[in-house]
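Asks: Following the hints, complete the assembly by docking chain B onto the known chain A.
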Amino acid sequence: MLKIRVIPTLLMRDVNLVKGPAFDSWRAVGSPMQSVKVFNRRDVDELILLDIAATPKRCGPDINMVANLARECFVPLTVGGGITNIDQVRALLVAGADKVAINTAAYLTPDVVTKASEQFGAQCVVAAIDYRTHASGARECFSHCGIVATGKSPVEWAKRLEELGAGEILLTSIERDSMMTGYDLETIKDVASAVSIPVIASGGASSYADMQAAVEHGASAVSAASIYLFTEMTPLAAKAHLASAGIPVRRHLQD
Amino acid sequence: MPVLIVDYGMGNIASAQRSLEECGAKVVVSDDPASVSTADRIVVPGVGAFPKAMERLNAIGWTQVLRTAALVDRLPILGICLGMQLLADIGLEFSETPGLGLIPGSVERIVPREQSERVPHVGWNEVNPVGDPALFASIPFGADFYFVHSYRFIAKDRSHVLATTPYCDEVVAAVGLNNIFGTQFHPEKSSKVGLQLLRNFLALKI
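Chains A and B, in that order, give the protein sequences. Per this note's numbering, the first sequence starts with residue 1, numbered consecutively. Per this note's numbering, the second sequence starts with residue 1001, numbered consecutively.
So here's chain A without its partners, still in its complex pose (with noise of 0.2 Å):
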């Protein structure tokens, strides 16, 4: 049986890797190089690592960084941050990304996704959404690392997406991120329904019962990054609860 996969992620700004409640005050919490070679030594199922910098920026991908943590890193990688057109997508692959992550253009540009499908397959194209809960329940989702308003809602967005060639979507709660009060599980739910492609559950996690929940509410996949760098916690127990609660996860093979 495909495994529920449990993921890290790590968001960096310039060299740093930072944090920032709600995408909001981000600060620095120490080095990107650091912590893949940590969960790489954990043996992790997966890892995200996202440059938050990039698009505000302006700037693509810095694809000679990635080359240097992909060299580091043995398990499969998602890059995103910055991505605007599929020579930088080529270039992250080349660089040793397994999947990209892209999330601006593909409003600005959303052939840029369908082009990244047909060259390199839809299993390597992961579109990221971040969005907000209005005062008024309605959600929509935001461009520019949370800053542009789109009017799209997500589930809609997402159906998209998946037209447009993604192979799966990361789905991120903008006020919940780094919160650590639960991932929105509507949302999860929402959008989990709405499309045939794997959701990668992200933003708020404060527990392993709150993997559990975005599990039961449809995601293939968790990612948590403040839990992981601030609490006790990590994948492997991650695994331990969920194998507990009869969730299938990825056995270790022992040394």
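Simulated from the structure, these hints should not be mistaken for lab results. Only a predicted model underlies this, so the values are computations on that prediction, with no experimental measurement involved. Cβ coordinates follow ideal geometry from the N, Cα and C atoms, glycine included. Be aware that one or more of the hints could be misleading.
[What the hints assert, rightly or not] Between beta-carbon pairs, the in silico distance windows are:
no., chain 1, residue 1, chain 2, residue 2, range
1, A, H144, B, A1134, 49 to 57 Å
2, A, E156, B, S1159, 46 to 54 Å
3, A, P56, B, V1072, 50 to 58 Å
4, B, E1055, A, K159, 29 to 37 Å
5, A, G246, B, L1071, 45 to 53 Å
6, B, V1028, A, N68, 19 to 27 Å
[As the list claims (entries may be wrong)] Pairs of lysine-lysine, DSS-like flavour, derived with a Cα cap of 27 Å:
no., chain 1, residue 1, chain 2, residue 2
7, B, K1026, B, K1156
8, A, K115, B, K1052
9, B, K1026, A, K37
10, A, K152, A, K115
11, B, K1205, B, K1192
12, A, K57, A, K115
13, B, K1052, A, K159
14, A, K189, A, K57
15, A, K19, A, K57
16, B, K1052, B, K1192
17, A, K159, A, K189
18, A, K37, B, K1192
[Unchecked claim] If you want the footprint, here are the derived chain A segments under chain B, 3+ residues with CB under 8 Å:
no., stretch
19, 1-8
20, 19-33
21, 67-78
22, 122-131
23, 195-209
Replies: The following block gives chain B in isolation, referenced to the frame of chain A:
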């Protein structure tokens, strides 16, 4: 002699190279078909779409060189993910495209049976070898390997299927015919069992 990684502009070449080196292999990455003469094993990696990949292999002149290396010189060849799919006679991604024609079969889109089975098939899934193939020596039955693909290999002859994975009925996880092998999963991204499989490939005596 080194292992040649075929670079046709579509692979996660760096990962495959690092993993093979980790297994002790000397690796040459080349986009020049003439480099086959200096290698004693060939790895065809691949992330991408079948028609584009064949277009590139044909354009650079790899297709005939790989067929000769496999069928005449009988060099051990390992296709990974898309690289395994390219071994087939024909691919049905976007359009009908002839493959390398090294293992009889076709490549078709995975059809889910229920909503919980999503396509692409992304993540870790168990691999069940059929019989006792040398490629899976020292790897436990049912070990989890990393998959990321939307199409699957349909082998014309079941005896060419070396391993299967239970997903959407069945995904052929590995194929083999004489000196020609393919894995649908990514051994270079499958942690310890993946490295063991690459070591097995490097140790094959053909």
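Asks: Each hint: holds or not?
Replies: Results of checking the hints against the structure:
1. Evaluation of the 49 to 57 Å hint for H144/A and A1134/B yields a pass: the beta carbon distance comes to about 52 Å.
2. In this structure the hint that E156/A and S1159/B lie 46 to 54 Å apart at CB holds, the actual value being about 48 Å.
3. Checking the proposed 50 to 58 Å range against P56/A and V1072/B shows it holds: the Cβ atoms sit about 56 Å from each other.
4. Judged by the Cβ atoms, the range 29 to 37 Å given for E1055/B and K159/A holds: they are separated by roughly 30 Å.
5. Under the hint 45 to 53 Å, the C-beta atoms of G246/A and L1071/B, about 49 Å apart, fit the expected range.
6. Distance hint check for V1028/B and N68/A: the Cβ-Cβ separation is about 22 Å, which falls inside the suggested range of 19 to 27 Å.
7. Distance check on the hinted pair: K1026/B and K1156/B sit about 34 Å apart at the alpha-carbon level, beyond 27 Å; violated.
8. Taking the CA atoms of K115/A and K1052/B, the gap is near 11 Å; set against the 27 Å cutoff, the hint holds.
9. For the given pair, K1026/B sits about 24 Å from K37/A by alpha-carbon distance, which is consistent with the 27 Å threshold.
10. Pair hint K152/A plus K115/A holds up; C-alpha atoms about 22 Å apart against a cutoff of 27 Å.
11. Proposed proximity of K1205/B and K1192/B is supported: the alpha carbons are some 22 Å apart, at most 27 Å.
12. Of the supplied pair hints, the one linking K57/A and K115/A holds, its CA atoms being roughly 24 Å apart against a limit of 27 Å.
13. Between K1052/B and K159/A, the direct Cα distance comes to roughly 26 Å. Compliance with the 27 Å bound is thereby established for this hinted pair.
14. For the hint pairing K189/A with K57/A, the CA-to-CA distance comes to about 34 Å; that exceeds 27 Å, so the pair is violated.
15. A hinted pair counts as satisfied when its Cα atoms are at most 27 Å apart, and K19/A with K57/A qualifies at roughly 18 Å.
16. Pair hint K1052/B plus K1192/B does not hold up; C-alpha atoms about 32 Å apart against a cutoff of 27 Å.
17. This hinted pair checks out: K159/A and K189/A have alpha carbons roughly 14 Å apart, not beyond 27 Å.
18. Simply put, K37/A and K1192/B have alpha-carbon atoms about 16 Å apart, close enough for the 27 Å limit, and the pair holds.
19. Counting residues of the stretch 1-8 of chain A whose beta carbon lies closer than 8 Å to any beta carbon of chain B gives 5, which meets the minimum of three for the stated coverage.
20. Beta-carbon proximity to chain B at under 8 Å applies to 0 residues in the stretch 19-33 of chain A; the threshold of 3 is not reached and the given coverage is violated.
21. Counting residues of the stretch 67-78 of chain A whose C-beta sits closer than 8 Å to any C-beta of chain B gives 6, which meets the bar of three, so the coverage hint holds.
22. Judged by the Cβ-Cβ criterion of 8 Å, the stretch 122-131 of chain A is covered by chain B as claimed, because 3 of its residues qualify and three suffice.
23. Counting residues of the stretch 195-209 of chain A whose beta carbon lies closer than 8 Å to any beta carbon of chain B gives 3, which reaches the threshold of three, so the coverage claim holds.
Of the numbered hints stated above, those contradicted by the structure are hints 7, 14, 16, 20, listed in ascending order.
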